[in-house]
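Engineer: Mapping of the sequence shown onto the numbering used here: residues 1 to 100, in sequence order.
Just so you know, these hints were derived from the structure itself, not from any lab.
Some hints could be false.
Capping the alpha-carbon separation at 25 angstroms, the derived lysine to aspartate or glutamate pairs in DMTMM-like fashion look like this [unchecked claim]:
| id | residue 1 | residue 2 |
| --- | --- | --- |
| 1 | 14 | 69 |
| 2 | 96 | 20 |
| 3 | 4 | 65 |
| 4 | 68 | 95 |
| 5 | 4 | 95 |
| 6 | 4 | 26 |
| 7 | 96 | 77 |
| 8 | 96 | 75 |
| 9 | 4 | 58 |
| 10 | 61 | 29 |
| 11 | 37 | 57 |
| 12 | 96 | 26 |
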Amino acid sequence: MEIKALSKIRHNGKDYAIGDVISGLDESEANRLVSLKSGEFVEVVGEKPSDDPITVDEFAKLKADEQKELLESLEFEAAGNVEGRVEQYTAWLDEKNALV
């Protein structure tokens with residue numbers, strides 16, 4: 001599970017700043033941090049892209065690092081600019097839809 005830190009968190013010997021995403025948590029760890037209001041659950045971008053892909057508009061609204069992570073999960077070397085990344089995702093989505 002993943003959460004976004006709402007306060008400074010030290011977990012497993014690592015320090016996280018506000019806004020950092022902490023991944024690899026088990027359910028009880030994530031629930032504890034959320035119940036303490038130290039974190040909030042985040043949607044894992046690209047976790048199952050082939051099952052339920054996001055739209056191009058949703059992709060364009062993602063932060064740059066989220067776009068890169070999603071493209072890398074689709075086995076792309078992410079472009080350096082947002083326009084290139086949107087083109088890459090659009091091409092992947094078009095190809096996926098053509099196969100359906």
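Engineer: All the hints need checking, so say for each whether the structure fits it.
Structural biologist: Status of the hints after comparison with the structure:
no., hint, result
1, 14 - 69, "22 angstroms, holds"
2, 96 - 20, "32 angstroms, violated"
3, 4 - 65, "14 angstroms, holds"
4, 68 - 95, "19 angstroms, holds"
5, 4 - 95, "32 angstroms, violated"
6, 4 - 26, "14 angstroms, holds"
7, 96 - 77, "18 angstroms, holds"
8, 96 - 75, "14 angstroms, holds"
9, 4 - 58, "19 angstroms, holds"
10, 61 - 29, "29 angstroms, violated"
11, 37 - 57, "31 angstroms, violated"
12, 96 - 26, "32 angstroms, violated"
Hints 2, 5, 10, 11 and 12, counting from the list given before, are not met by this structure.
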